[in-house]
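Participant: So you can see what is in the structure, the chains are spelled out below.
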Amino acid sequence: MPHDLDAAFLSLPMRLLADTALNHARSLGVEHADFRLERIRSQDLTLRDGNLDGSRDGEDVGFCVRVLHEGTWGFAAAVDLTTEEAVRVVDRAVELAKVARDLNPNRVEIAAEPVHSDVTWVSAYEIDPFTVPDAEKIGLLAERSRRVLSQDGVDHVTAQLGQVLENKFYADTAGTVTTQQRVRVQLFFDALAVDAESGRFETMRTLAAPAGRGWEYITGADGVFDWDEALDELGPLLAEKLAAPGVTPGRYDLVIHPSNLWLTIHESIGHATELDRALGYEANYAGTSFATLDQLGTLRYGSPAMQVTGDRTAPYGLSTIGYDDEGVQTQQWDIVRDGVLVGYQLDRAMAQANAEVLGTSRSNGCAFADSPGHVPVQRMANVSLQPADAGPSTEDLISRVEDGIYVVGDKSWSIDMQRYNFQFTGQRFYRIKNGQLAGQLRDVAYQATTTEFWGSLDAVGGPQTYVLGGAFNCGKAQPGQIAPVSHGCPSVLMRDINILNTGQEGGQ
Amino acid sequence: MSQPMTPQEIVERCLELSKSDGMIVLVDENSSANLRWANNALTTNGVMHARQVTVIATVGAGTGAASGVVARSAVTPDDLEPFVRSAEQAAQDNGAAEDAQPLLDGEAATDWYDEPGRTSATAFQSIAPALGEAFIRGRNEQRVLYGYVEHDVRTTYVGTSTGWRYRHEQPTGNIGITGKTADLASSAWVGQAVRDVADLDINVLDAELTRRLAWSQRAVELPAGHYDTVLPPSAVSDLMVYAYWNMSARDAHDGRTVYSKPGAGTRVGEKIADRPVTLWSDPAVPGLTSTPFALARASSAAQSVFDNGLQLQRTEWISEGTLSALIQTRHSADLTGLPVTPAIENLGLDVGDAGGDIDDLVSGVERGLLLTCLWYIREVDPQTLLLTGLTRDGVYLVENGEVTGAVNNFRFNESPISLLSRFSHASETVHTVGREFGDYFPRTAMPALRVPDFNMSSVSQAS
Chain A
57 MPHDLDAAFL SLPMRLLADT ALNHARSLGV EHADFRLERI RSQDLTLRDG
107 NLDGSRDGED VGFCVRVLHE GTWGFAAAVD LTTEEAVRVV DRAVELAKVA
157 RDLNPNRVEI AAEPVHSDVT WVSAYEIDPF TVPDAEKIGL LAERSRRVLS
207 QDGVDHVTAQ LGQVLENKFY ADTAGTVTTQ QRVRVQLFFD ALAVDAESGR
257 FETMRTLAAP AGRGWEYITG ADGVFDWDEA LDELGPLLAE KLAAPGVTPG
307 RYDLVIHPSN LWLTIHESIG HATELDRALG YEANYAGTSF ATLDQLGTLR
357 YGSPAMQVTG DRTAPYGLST IGYDDEGVQT QQWDIVRDGV LVGYQLDRAM
407 AQANAEVLGT SRSNGCAFAD SPGHVPVQRM ANVSLQPADA GPSTEDLISR
457 VEDGIYVVGD KSWSIDMQRY NFQFTGQRFY RIKNGQLAGQ LRDVAYQATT
507 TEFWGSLDAV GGPQTYVLGG AFNCGKAQPG QIAPVSHGCP SVLMRDINIL
557 NTGQEGGQ
Chain B
11 MSQPMTPQEI VERCLELSKS DGMIVLVDEN SSANLRWANN ALTTNGVMHA
61 RQVTVIATVG AGTGAASGVV ARSAVTPDDL EPFVRSAEQA AQDNGAAEDA
111 QPLLDGEAAT DWYDEPGRTS ATAFQSIAPA LGEAFIRGRN EQRVLYGYVE
161 HDVRTTYVGT STGWRYRHEQ PTGNIGITGK TADLASSAWV GQAVRDVADL
211 DINVLDAELT RRLAWSQRAV ELPAGHYDTV LPPSAVSDLM VYAYWNMSAR
261 DAHDGRTVYS KPGAGTRVGE KIADRPVTLW SDPAVPGLTS TPFALARASS
311 AAQSVFDNGL QLQRTEWISE GTLSALIQTR HSADLTGLPV TPAIENLGLD
361 VGDAGGDIDD LVSGVERGLL LTCLWYIREV DPQTLLLTGL TRDGVYLVEN
411 GEVTGAVNNF RFNESPISLL SRFSHASETV HTVGREFGDY FPRTAMPALR
461 VPDFNMSSVS QAS
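These protein sequence lines map, in sequence, to chains A and B.
The first sequence runs 57 to 564 under our numbering.
The second sequence runs 11 to 473 under our numbering.
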């Protein structure tokens, strides 16, 4: 049963402010103007050892206007919801476009898009987390924390709950008007064990991915994540990790669980196929991409087993929404097909400017701002590695490995500014010997370059291994913006990957 | 529609509405303007006004109190009563807080009624023409410029039910410019943090980029390994800021950081660096001034809402190589038995036997590397604070004290704590901004360091 748009949001003067702003922008002779009014409710709760450590309940409301004036963008944002301020915001945006005009030799044009007149979209969730009493939330987290803390060898446990309810109203001078609502939640428990004698410590975290779901995901009522199992195994897994031997560096075959691989996909495919990066727009900050536009259709990204899609429509995806911040209806498309680069993430201006190479002048709906205070930039869709129809199970993949490592859960990550060289660690690493798991290892990191890594993709698991992972906090752009995004993938088998011992790297 | 209230009116009205035992109200007014460019042309820009009102209600007294924190951006007079009630309800729901302490007394500041500081597009009037000229020079001289400049003024108003009224205005300007050769094969970066962007000299920054890009005319490929490496102040800043962000005394006391003592407790008092290094923060240091009072909008391991108003003063986190303090709330100070030393929004590193500048350090290198900056720095092992990351936008080969070419990029695996024992030479400390963390922590003063065995773990093809 879809939810109604939140009445408190609808009571804000969005249409009055939009009409005021867009009419004023037209009177100043802009080629295009768009208006967004957003309300972002957020709540974060942190418990240490079952006691509330920090809580914060936030509501960010504001509006912004972006104008295209004489081929140059201008953007302004404010928080006072008055018609006088709407006019001032337009004036500021146009003033900034004028200051910037001399710095912009390339006149900006935006791709034409269908007009969507007063459409609405609400994400798929059952229980709005903001309707759940705080005392109930804290009670649930405290009970689960105590359960973990009671396990042998667990010295401390941290619980972190994040919840967001996001409402967006968008209107532009072409006549598109959209009103949208989405919910997302994340929860994890992180257990710490300290060996008092040596001072050595290890942590182990639950693996529930953040998701575009409601409170039912946190309680486990929807059956998506088995909280009981995850909490009960935390202590034993941690004890095994603390006692595990360090890895011997070298080259190994890896079976990687989706709880780890989603992040590798995010860094080495998701960011690398953002067209703004390929064009150099992020060169001073997050970086560029090795997957340059001239290689579209020819770049061998990985093995033929590699099928990657961009998708802003996937149910429960963190990047999922009905319309982007340029009024474009969201879509699903191919990014890598049979191991070859075939698509990018686009916004309207980049689609228009590169239509000849792209073979289309249509945006695929990847313009997004993280708040009403920020300009939309090209942001990531849910970029996912597709499973193989009737593909193997994770156990089948492990059985194909003579001497290797099974990787579960994400931890540390880093990749260079063109998305070649990366290094990842994880929550758990198991030695594989003769197709069988042979206990945990510690101090493991895998290091590779993107095309070498994906070229070593030997097999992808079947749909039964597919999990939608993701993050609340993908960073990009200046001024910095954070955005939620999901990445689905199956378990995979990678051959001959370089493994480091992080203790040795640190000179231990 | 109601008319906007002033920050002072919001503070006073919230306090009037309070039915709780104690209340703290913080209003952050933020005014900012920015320009961003790529490929010798402007891409995006913005002028923004943002506001965040944080109401912290406390229920109970002393160390048995509870707190509830709510924050809103847009508030009208009609919004305030439900807003305050929601903070009070949150405090009731949350139960007694572990970090609870009596609220601090205080007086009204003389500038309390001053308006918030503002910036606008006019902040760029002096530098926009210079930027335009740099773009033209770039196009003419086969050089491509990418960059970002921002001016931000944050004005914070704090009022408490115990009488404290405080206003703090923090202007911050920040610029970073990346230059690339026309074939995009080589790049260089310069960055600077200032209080007023009018103080920026685009021509000087562009000239430094041009000088560095010229170094890349000779390209040299080197393998992974341990190299005699000169880290510039920007790179040192990013590494030391990471080390500082991990200085929560509560976390160290739990046994989960590099500052934890095996067995129990913290390493405060222990020699953790073999060199005479002093890592300090000081809200009053000229050019890097920051708020002289603790301001906490939420509680965490490293800060407590109950500590709002604690006076800050110069704190040495490491003194002559000895760990001398960690970031403490009053609560964690009770736990650890150490003095209360809250976090401060600037950071400096001094080296006892330092001298000269970065060029002097380079002149002493027989064969080694000079970096520009570090990027994508992430923690690999909290036990040793092993960090990984990459070099970026210019690694140069130094031979017999001279830069002789540009080298490929590398991934490094290093611990900033370990580096403090291993560097061989340090320059004088200068104001700098970290490439990666400067956006979040722009006020730093660091030396350049020469490290004889910096661990370049693998080669990065990125240029």
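Just to be clear, a hint being listed does not mean it is correct.
Derived DSS-like pairs (lysine-lysine); straight-line CA-CA distance at most 27 Å [stated by the list, open to error]: (1) B:Lys281 <-> B:Lys271; (2) A:Lys297 <-> A:Lys154; (3) A:Lys467 <-> A:Lys154; (4) A:Lys297 <-> B:Lys271; (5) A:Lys467 <-> B:Lys271; (6) A:Lys489 <-> A:Lys467.
Covered by chain A, according to a simulated footprint, are these stretches of chain B (three or more residues, beta-carbon under 8 Å) [as the list claims (entries may be wrong)]: (7) 228-240; (8) 247-258; (9) 373-380.
Derived from the structure by calculation, the hints contain no laboratory data.
The C-beta atom is built at its ideal place from N, Cα and C for all residues, glycine as well.
Participant: For every hint, state whether the structure bears it out.
Facilitator: Verification of the hints:
1. B:Lys281 <-> B:Lys271: 12 Å, holds
2. A:Lys297 <-> A:Lys154: 60 Å, violated
3. A:Lys467 <-> A:Lys154: 46 Å, violated
4. A:Lys297 <-> B:Lys271: 21 Å, holds
5. A:Lys467 <-> B:Lys271: 24 Å, holds
6. A:Lys489 <-> A:Lys467: 24 Å, holds
7. 228-240: violated (count 0)
8. 247-258: Violated, because only 0 residues of the stretch 247-258 of chain B bring their Cβ atoms closer than 8 Å to Cβ atoms of chain A.
9. 373-380: Violated - the stretch 373-380 of chain B has 0 residues with a Cβ nearer than 8 Å to chain A, which falls short of three.
When each numbered hint is compared with the structure, violations occur for hints 2, 3, 7, 8 and 9.
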